[in-house]
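Peer 1: Listed here are the chains, written in short residue letters.
There are 2 protein chains.
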Amino acid sequence: FTRWCANLQQTWHQTIPLSAFMQLQITQFDGNLLACQAPLAPNKNLHHTMFAGSIYSLLTLTGWGLIWLQLQALGLQGDIVLADADIRYLAPVQQDARAQVQLLDAVGDLTALTRGRHVRQLLTVRLTEGDRLLAEFHGRFVVKPATVAVSAG
Amino acid sequence: FTRWCANLQQTWHQTIPLSAFMQLQITQFDGNLLACQAPLAPNKNLHHTMFAGSIYSLLTLTGWGLIWLQLQALGLQGDIVLADADIRYLAPVQQDARAQVQLLDAVGDLTALTRGRHVRQLLTVRLTEGDRLLAEFHGRFVVKPATVAVSAG
Numbered sequence: 001f002t003r004w005c006a007n008l009q010q011t012w013h014q015t016i017p018l019s020a021f022m023q024l025q026i027t028q029f030d031g032n033l034l035a036c037q038a039p040l041a042p043n044k045n046l047h048h049t050m051f052a053g054s055i056y057s058l059l060t061l062t063g064w065g066l067i068w069l070q071l072q073a074l075g076l077q078g079d080i081v082l083a084d085a086d087i088r089y090l091a092p093v094q095q096d097a098r099a100q101v102q103l104l105d106a107v108g109d110l111t112a113l114t115r116g117r118h119v120r121q122l123l124t125v126r127l128t129e130g131d132r133l134l135a136e137f138h139g140r141f142v143v144k145p146a147t148v149a150v151s152a153g
Numbered sequence: 001f002t003r004w005c006a007n008l009q010q011t012w013h014q015t016i017p018l019s020a021f022m023q024l025q026i027t028q029f030d031g032n033l034l035a036c037q038a039p040l041a042p043n044k045n046l047h048h049t050m051f052a053g054s055i056y057s058l059l060t061l062t063g064w065g066l067i068w069l070q071l072q073a074l075g076l077q078g079d080i081v082l083a084d085a086d087i088r089y090l091a092p093v094q095q096d097a098r099a100q101v102q103l104l105d106a107v108g109d110l111t112a113l114t115r116g117r118h119v120r121q122l123l124t125v126r127l128t129e130g131d132r133l134l135a136e137f138h139g140r141f142v143v144k145p146a147t148v149a150v151s152a153g
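Those protein sequences? They're chains A and B, same order as listed.
Take the first sequence: its position 58, counted from the start at 1, is 58 in our numbering, and no numbers get skipped.
Take the second sequence: its position 7, counted from the start at 1, is 7 in our numbering, and no numbers get skipped.
Read the hints as simulated data drawn from the structure, not as lab findings.
Since we're looking at a predicted model, the values are computed, not measured.
Be aware that one or more of the hints could be misleading.
Note: identical chains are not told apart, hence a pair may lie in one copy or across any two.
[Claimed, not checked] The list that follows gives simulated cross-link-like pairs (lysine to aspartate or glutamate, EDC-like), each with its CA atoms no further than 20 Å apart: (1) Lys44 - Glu129; (2) Lys44 - Asp96; (3) Lys44 - Asp84; (4) Lys44 - Asp109; (5) Lys144 - Asp109; (6) Lys44 - Glu136.
Put together the whole structure using the sequences plus the hints.
Peer 2: The following block contains the structure:
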């Protein structure tokens, strides 16, 4: 998992300049749960709390990242695109908060990619500080088939 | 309007680092319609189109900006916060696209601020390229009363 996460974070920082500016980091991945965070300084707003757009971007990329990691696990390739999303902001984010998403909460079967199908995957990503829910994001991602990767065996 | 827009853009760039990194710019304001844009380079994703989080941030700030401009017009002060939002991505954004929002489409009466009330304002912000709709954002903002500004006369 460590190598996958390093590759994912490198992919983000190299191809999405905003993710590098945000200093987005993966903090945990255990095969089911992916957690990311971003420091407040580059992501603040004029209230000195986290900017709504940064929170959204953090939760979007955490969701996108979980799908990317699933594709690695399945030995599949696909283009992951966000089709639509909604987000609720429940409390101001004052400091580094934790974005997390679980595979167990995901709806959608990526193995249909092997049959050349587009797959929709619904994810719920939550931003928390301790036990407190600060924001909740629901994203409907579409994964389009790409070349099937050769299994590393 | 020119001075208000200059102040708004300066407020964004000085207090929201992400907006400066995105190179967010106001391109039009006529008292009803506010249009903004951001160049593709700092906002791209790994498909070389605009990152979903950048699109969302552009539309959020365009909506936030219209409320800020309304407050200026009414001689009121208030803290503008996004409570929740949804967004649909309809087509990839290949180059500089135009985010626009109209006061005529807004739902919510800001003058209730003068009676010490919180005001909810619903805004629809659209991202277009020519006649083509690329993304649509609905945001529910809350404006909290602050000190009433002295009219400049």
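Peer 1: May I ask which of the numbered hints given earlier this structure violates, with the numbers listed in increasing order?
Peer 2: 4
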